[in-house]
Structures are given as structure tokens and as C-alpha cells.
Amino acid sequence: MSGFDKVVQDYAQAMAGLTDNMTVIAGGFGLCGIPEGLIAQIQKMGTRGLTVVSNNAGVDGFGLGLLLEKHQIRKMIASYVGENALFEQQLLSGELEVELTPQGTLAEKMRAGGAGIPAFFTATGYGTPVGEGKEVREFNGRPYILEESIRGDFAIVKGWKADRYGNVVYRHTAQNFNPLAATAGKITVVEVEEIVEPGELEPSQIHTPGIYVDRVILGQFEKRIEKRTLSQA
Amino acid sequence: MALTREQLAMRVAQELKDGDYVNLGIGIPTLVANYVPEGMAVMLQSENGLLGMGPFPTEETVDPDMINAGKQTVTAIPGAAIFDSAQSFAMIRGGHVDLTVLGAFEVDVQGNIASWMIPGKLVKGMGGAMDLVAGADNIIVTMTHADRHGNSKLLSNCTLPLTGANCISKVVTDLAYIEIRDGRFHLLERAPGVSVEEIIEKTAGELVVPEHVPEMRFE
Numbered sequence: 009m010s011g012f013d014k015v016v017q018d019y020a021q022a023m024a025g026l027t028d029n030m031t032v033i034a035g036g037f038g039l040c041g042i043p044e045g046l047i048a049q050i051q052k053m054g055t056r057g058l059t060v061v062s063n064n065a066g067v068d069g070f071g072l073g074l075l076l077e078k079h080q081i082r083k084m085i086a087s088y089v090g091e092n093a094l095f096e097q098q099l100l101s102g103e104l105e106v107e108l109t110p111q112g113t114l115a116e117k118m119r120a121g122g123a124g125i126p127a128f129f130t131a132t133g134y135g136t137p138v139g140e141g142k143e144v145r146e147f148n149g150r151p152y153i154l155e156e157s158i159r160g161d162f163a164i165v166k167g168w169k170a171d172r173y174g175n176v177v178y179r180h181t182a183q184n185f186n187p188l189a190a191t192a193g194k195i196t197v198v199e200v201e202e203i204v205e206p207g208e209l210e211p212s213q214i215h216t217p218g219i220y221v222d223r224v225i226l227g228q229f230e231k232r233i234e235k236r237t238l239s240q241a
Numbered sequence: 310m311a312l313t314r315e316q317l318a319m320r321v322a323q324e325l326k327d328g329d330y331v332n333l334g335i336g337i338p339t340l341v342a343n344y345v346p347e348g349m350a351v352m353l354q355s356e357n358g359l360l361g362m363g364p365f366p367t368e369e370t371v372d373p374d375m376i377n378a379g380k381q382t383v384t385a386i387p388g389a390a391i392f393d394s395a396q397s398f399a400m401i402r403g404g405h406v407d408l409t410v411l412g413a414f415e416v417d418v419q420g421n422i423a424s425w426m427i428p429g430k431l432v433k434g435m436g437g438a439m440d441l442v443a444g445a446d447n448i449i450v451t452m453t454h455a456d457r458h459g460n461s462k463l464l465s466n467c468t469l470p471l472t473g474a475n476c477i478s479k480v481v482t483d484l485a486y487i488e489i490r491d492g493r494f495h496l497l498e499r500a501p502g503v504s505v506e507e508i509i510e511k512t513a514g515e516l517v518v519p520e521h522v523p524e525m526r527f528e
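Protein sequences, first through last, are from chains S and Y.
The first sequence begins at 9 in our numbering and counts up by one.
The second sequence begins at 310 in our numbering and counts up by one.
The set of hints was computed from the structure by calculation and includes no laboratory data.
Worth double-checking, as some hints may not be accurate.
Below, a list of computed lysine-lysine pairs in the DSS-like style, where the Cα atoms sit at most 27 Å apart [claimed, not checked]:
(1) S:Lys235 / Y:Lys326
(2) Y:Lys380 / S:Lys142
(3) S:Lys235 / Y:Lys380
(4) Y:Lys380 / Y:Lys430
(5) Y:Lys430 / S:Lys231
(6) S:Lys83 / S:Lys169
(7) S:Lys194 / S:Lys169
(8) Y:Lys380 / S:Lys231
(9) S:Lys142 / S:Lys235
(10) Y:Lys326 / S:Lys78
(11) S:Lys142 / Y:Lys433
(12) S:Lys83 / S:Lys52
(13) Y:Lys326 / S:Lys83
Chain S stretches covered by chain Y per the calculated footprint, using a threshold of three residues with CB under 8 Å from any CB of chain Y [what the hints assert, rightly or not]:
(14) 32-41
(15) 104-115
(16) 131-141
Residues of chain S clear of chain Y, computed beta-carbon distances all greater than 10 Å [claimed, not checked]:
(17) Val16
(18) Lys52
(19) Glu77
(20) His79
(21) Glu96
(22) Leu100
(23) Glu156
(24) Pro187
(25) Gln213
(26) Gly218
(27) Lys231
(28) Thr237
From the three backbone atoms N, C-alpha and C, an ideal C-beta is built for every residue, glycine too.
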């Protein structure tokens with residue numbers, strides 16, 4: 009079964025083939041469940057002109073903020089980008105383009121992209137700036153807008169455990185956009201905390217089946233907390 | 310007296326029903342969780358992919374892989390479920406969440422809501438707000454009745470870019486409980502000690518005032 013062994017040994021192999029002006033879909037919500045090592049590798053490679061699709065854009069000095077530091081992102085497709093001063097600067101200077109997309113629409117764009125559905129109708133955004141210029145159709149008396157799906161040249165994903173065949177499970181709310189991103193990349197790379205042998209993961213508990221995954225790499229994670237909130241007790 | 314943030318949350322909490330799945334926005338809506346009536350169970354949905362959100366963790370249980378949609382560290386209650394973002398928004402957009410509570414800059418008599426963008430100021434994004442207002446049948450907007458300069462936030466037409474169109478029917482402000490129906494605001498309740506005249510004065514959109522307007526009741 010060696011043809012199914014997706015494990016690569018280093019980050020250069022993990023991101024091989026990424027070139028300027030490509031579209032990269034990244035999993036993660038805030039700093040939770042982000043592929044830290046893969047982002048660092050893109051920074052190291054210096055690839056420029058990227059379109060990055062991700063719910064958020066990291067913070068200054070961490071996550072996707074690393075790619076902003078090196079001016080590698082041309083366009084960001086995201087639902088909320090408020091945690092990043094560098095982002096703000098580059099947006100105001102016109103260097104960076106941003107396409108703000110409602111969070112559910114963003115998730116569905118990835119899901120549909122991965123499932124071979126080119127577009128879908130949704131009520132979200134109708135009558136708002138998001139709906140401007142988009143086709144409107146009524147179903148059962150309610151207006152919906154047409155949203156196109158998204159595919160990436162690369163998808164970069166953070167998993168908890170994967171087996172060698174690329175079956176992945178996620179941990180807690182670090183799941184978020186990761187399974188959706190995983191389906192929507194022409195090349196999907198998953199960075200995980202632990203690699204196990206085929207058969208060790210319970211088949212019915214797998215979140216991302218290996219068919220979606222091209223490369224698996226064992227990573228080391230800082231797992232920085234964005235807002236550490238504790239109960240008083 | 311205008312309601313405090315806590316009283317506002319208490320009034321909204323009176324709308325909860327046993328067995329409700331509820332999504333609470335950031336700010337005053339979050340406080341509603343503190344006033345769930347005794348003997349009643351509600352399940353909190355957080356749109357990053359958690360149904361059954363619990364309290365903040367302790368120093369011992371804090372986990373970077375366990376956050377809410379406000380990116381705060383949280384816990385999951387026994388019986389919680391965790392899932393991906395498409396599943397989370399299928400719940401929201403499919404109308405499966407029983408009650409959504411969120412803040413706003415403006416609402417108008419058509420049930421339009423503006424809550425995410427002020428032209429000229431940096432736009433941070435709508436996050437999940439547009440999905441929440443488009444997907445839920447039962448939404449309560451909480452906000453102050455007027456802005457800090459005294460300008461009404463209950464208008465004939467929203468002036469700011471919308472978050473959603475024709476989707477709001479209930480607004481609880483620091484002065485009043487208002488229903489939106491037939492293209493008008495309807496005054497249902499007033500905050501204790503607040504006069505009907507003050508509410509009329511601070512409501513820019515057409516307001517229907519019944520002969521008797523009861524005061525909100527707090528236990």
C-alpha cells in the first residue's frame with residue numbers, strides 16, 4: 009500500500025510546487041487550529057502575490073500575520089480581519105485587497121468547492137453590500153443570492169492525528185474550517201501533532217478521509233492563545 | 310431609569326424557553342447566559358463549531374484547542390457536540406437554532422439591521438452575523454435606544470450598510486421592548502421608571518403606542 013503513504017519528511021517537500029500568485033486555502037479560526045509550520049514554510053519560501061482564503065488573517069507576528077510581514081499576500085478572502093494592525097496598514101495603502109465574506113458563506117464556498125458544486129443560492133447577504141452585483145433568485149417567496157464556490161491550488165490544514173494514508177481527526181474546536189479546506193485544495197497538505205499507522209484510527213470516527221489528502225507532515229505547535237479567559241472560581 | 314447592561318440581559322433571558330438552542334453574540338448578548346432562569350436548560354451554540362458551550366476554564370483546564378466564536382477559551386458541557394464550520398452554519402442557516410441574540414448599530418421599521426460596518430471607519434468584517442440574521446426566525450436585538458449623542462437607533466430607514474434585510478422583529482433596548490410588525494415599531498414594555506414620552510422622543514421611526522404600556526418586571 010506504499011502508493012497511499014502520504015507522509016513527507018520535511019516542510020520543503022510539504023509545500024513543494026507552491027508558486028507566486030497561487031490561491032491557498034487555510035484552515036483555522038483565529039489562532040485556533042492553524043497549520044503553523046506550513047505557514048512558516050510559505051514565509052521561508054518567499055512566495056508572493058498569494059490569494060489566501062481563511063476565516064481570519066492571524067495577528068501581528070503569528071499565523072497568517074507572518075505572510076503579511078513579508079508582503080506575500082495580494083488578496084485575502086476572510087470573514088473577520090480585525091485582530092491585525094499590519095493587515096490594516098496594507099489594506100489602507102492599497103497593497104492588499106480584501107474580500108469580506110460572511111462566515112457561513114465562506115465555509116459553504118469551501119465545502120461546495122470540494123464537492124464539485126460551482127455555486128449555490130443563500131439568503132445570507134441579500135440586501136447588504138455582500139449581495140451587490142450578484143444574481144438574485146426567489147424560492148418560495150424569499151430572495152437568495154448566488155455565491156460561487158472556491159477551490160485552492162493548495163489547502164493547508166491543521167489536524168490532530170493522521171495515519172499514513174492521510175485519514176485525519178481534529179481535536180476539539182481546532183476542527184473549524186480545517187475539514188472544509190482539506191476538500192478544496194488541488195494539493196492538500198495536513199500538518200498534525202501525531203502520525204499513526206493505518207488501522208489505528210477508528211474508521212467511523214475519521215473527520216477527513218485520506219482521499220482528500222496529498223501530503224501529511226508531523227509538526228510542532230506553539231498553539232498560541234488569542235484571548236485567554238478564565239473563570240473566577 | 311434606563312436599564313443597565315445586566316438588566317438588559319435579564320430581560321432578554323426571560324424570553325428563553327426550556328430546551329432552547331441559543332446563539333449569543335458578543336457584548337450584552339453574552340451576558341444573557343448568566344441569567345438563565347432556574348430549573349431551565351438551554352444549550353449555547355458558538356458558531357466556530359460548538360453546541361453546548363460551558364463556562365470559562367480554570368488555569369488547570371484551559372486548552373488552546375477549546376475556544377468560542379469570540380476566540381475566548383471556553384469549556385464544553387457534558388452532552389456537547391463539536392463539528393466543522395459548514396455543519397455549524399448549516400444549523401444556523403437551516404433555521405435549527407431556536408433563538409439568536411445580537412447587538413446592532415441601527416434597526417428600522419422594515420426589520421432591517423445594520424451592525425457590522427461604519428463607512429469611513431476600518432471594516433473588520435461581518436463574521437457570522439449575516440448568516441445569523443438570515444437564518445434565524447427568532448432574533449432578539451439588544452442595544453441602547455439612542456447613541457451616545459442622543460441620536461435614535463430605531464429609524465425609518467437604516468443609514469448604515471445592512472447586515473440583513475427584513476429579518477428583525479424584536480428589539481430590547483435600555484428603554485423599551487419593541488416589536489417590529491407591519492412596517493412600524495410597536496411599544497410593548499418600558500423600562501421601570503422610563504416615561505412613554507422619553508421613548509417616543511428617542512424613537513425616530515414610526516412608533517405605535519398602546520393606551521397602557523406595562524413596565525418590565527424583574528424578579
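Quick rundown of the hints versus the structure:
no.: 1; hint: S:Lys235 / Y:Lys326; in the structure: violated (31 Å)
no.: 2; hint: Y:Lys380 / S:Lys142; in the structure: violated (31 Å)
no.: 3; hint: S:Lys235 / Y:Lys380; in the structure: holds (6 Å)
no.: 4; hint: Y:Lys380 / Y:Lys430; in the structure: holds (23 Å)
no.: 5; hint: Y:Lys430 / S:Lys231; in the structure: violated (32 Å)
no.: 6; hint: S:Lys83 / S:Lys169; in the structure: violated (31 Å)
no.: 7; hint: S:Lys194 / S:Lys169; in the structure: holds (22 Å)
no.: 8; hint: Y:Lys380 / S:Lys231; in the structure: holds (13 Å)
no.: 9; hint: S:Lys142 / S:Lys235; in the structure: violated (36 Å)
no.: 10; hint: Y:Lys326 / S:Lys78; in the structure: violated (51 Å)
no.: 11; hint: S:Lys142 / Y:Lys433; in the structure: holds (22 Å)
no.: 12; hint: S:Lys83 / S:Lys52; in the structure: holds (19 Å)
no.: 13; hint: Y:Lys326 / S:Lys83; in the structure: violated (44 Å)
no.: 14; hint: 32-41; in the structure: holds (count 5)
no.: 15; hint: 104-115; in the structure: holds (count 7)
no.: 16; hint: 131-141; in the structure: holds (count 8)
no.: 17; hint: Val16; in the structure: holds (24 Å)
no.: 18; hint: Lys52; in the structure: holds (24 Å)
no.: 19; hint: Glu77; in the structure: holds (19 Å)
no.: 20; hint: His79; in the structure: holds (19 Å)
no.: 21; hint: Glu96; in the structure: violated (6 Å)
no.: 22; hint: Leu100; in the structure: violated (8 Å)
no.: 23; hint: Glu156; in the structure: holds (16 Å)
no.: 24; hint: Pro187; in the structure: violated (5 Å)
no.: 25; hint: Gln213; in the structure: holds (13 Å)
no.: 26; hint: Gly218; in the structure: holds (17 Å)
no.: 27; hint: Lys231; in the structure: violated (4 Å)
no.: 28; hint: Thr237; in the structure: violated (4 Å)
Hints 1, 2, 5, 6, 9, 10, 13, 21, 22, 24, 27, 28 from the earlier list are contradicted by this structure; the remaining hints agree with it.
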